[in-house]
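**Q** Sequence:
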Amino acid sequence: MASTTTSALSCPKCQADQPDGGIECAKCGIIFAKYRPHIQLQQQRVGRDRSRWVALAKEWLIESDRSTDSLTFAGRVALFLLLLWWGRGLIFTPLETNYTGESFLHLINLPFHEAGHILFIPLGRFMTILGGSLGQILMPLVCLVTFLV
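1 is the number of the first residue of the sequence shown in my numbering; add one for each residue after it.
To be clear, the hints were calculated from the coordinates, so they are not data collected in a lab.
Backbone N, C-alpha and C define an ideal beta-carbon position, used for all residues, glycine too.
Where hints are given, some of them may not hold.
Computed Cβ-Cβ distance ranges for the label pairs, DEER-style [claimed, not checked]:
| id | residue 1 | residue 2 | range |
| --- | --- | --- | --- |
| 1 | Leu71 | Val142 | 46 to 52 Å |
| 2 | Leu107 | Thr128 | 20 to 26 Å |
| 3 | Val149 | Trp85 | 28 to 34 Å |
| 4 | Thr72 | Phe147 | 33 to 39 Å |
| 5 | Thr146 | Thr97 | 32 to 38 Å |
| 6 | Gly29 | Glu59 | 44 to 50 Å |
| 7 | Glu24 | Ser67 | 56 to 62 Å |
| 8 | Leu105 | Leu130 | 20 to 26 Å |
| 9 | Ser67 | Ile129 | 48 to 54 Å |
| 10 | Arg76 | Lys13 | 54 to 60 Å |
Hey, can you work out the whole structure from these sequences and the hints?
**A** Written out as structure tokens, the structure reads:
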């Protein structure tokens, strides 16, 4: 059995089914040729906004100074090597030595951990217990975003 139905389009504004070849909507009356450029313009705006946000994120997070003098570069390299050496010690030292616990960074992170327990009390016992770890992770991220903006 062959199908005798014709393919139908739908109106982009009111979603009413339209016969093929129609230049305007039978229900709401919009003219399709005028409506299409409006949709294309909106899509271009969304694309431009998205590319603007990507460029802004790259500028804040990835790109650096275009040129630096040799003294600044040497200082950055020295600081990087110092942090690399210190981080190696924090990562690879056994827990039994308590090297990480005696670091001043532990004292910075400890209030965030404990405040997380307090902040998550209204959400129940499970979230109160989990709140320490969440506070330890989320609060420094909030500080990071605050400094970037």
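**Q** Now look at each hint and say whether the structure bears it out.
**A** Hint check:
no. : hint                        : in the structure
1   : Leu71 / Val142: 46 to 52 Å  : violated (34 Å)
2   : Leu107 / Thr128: 20 to 26 Å : holds (23 Å)
3   : Val149 / Trp85: 28 to 34 Å  : holds (32 Å)
4   : Thr72 / Phe147: 33 to 39 Å  : violated (20 Å)
5   : Thr146 / Thr97: 32 to 38 Å  : holds (34 Å)
6   : Gly29 / Glu59: 44 to 50 Å   : holds (47 Å)
7   : Glu24 / Ser67: 56 to 62 Å   : holds (60 Å)
8   : Leu105 / Leu130: 20 to 26 Å : holds (22 Å)
9   : Ser67 / Ile129: 48 to 54 Å  : holds (51 Å)
10  : Arg76 / Lys13: 54 to 60 Å   : holds (57 Å)
Checked against the numbered hints listed earlier, the structure breaks hints 1, 4; every other hint is satisfied.
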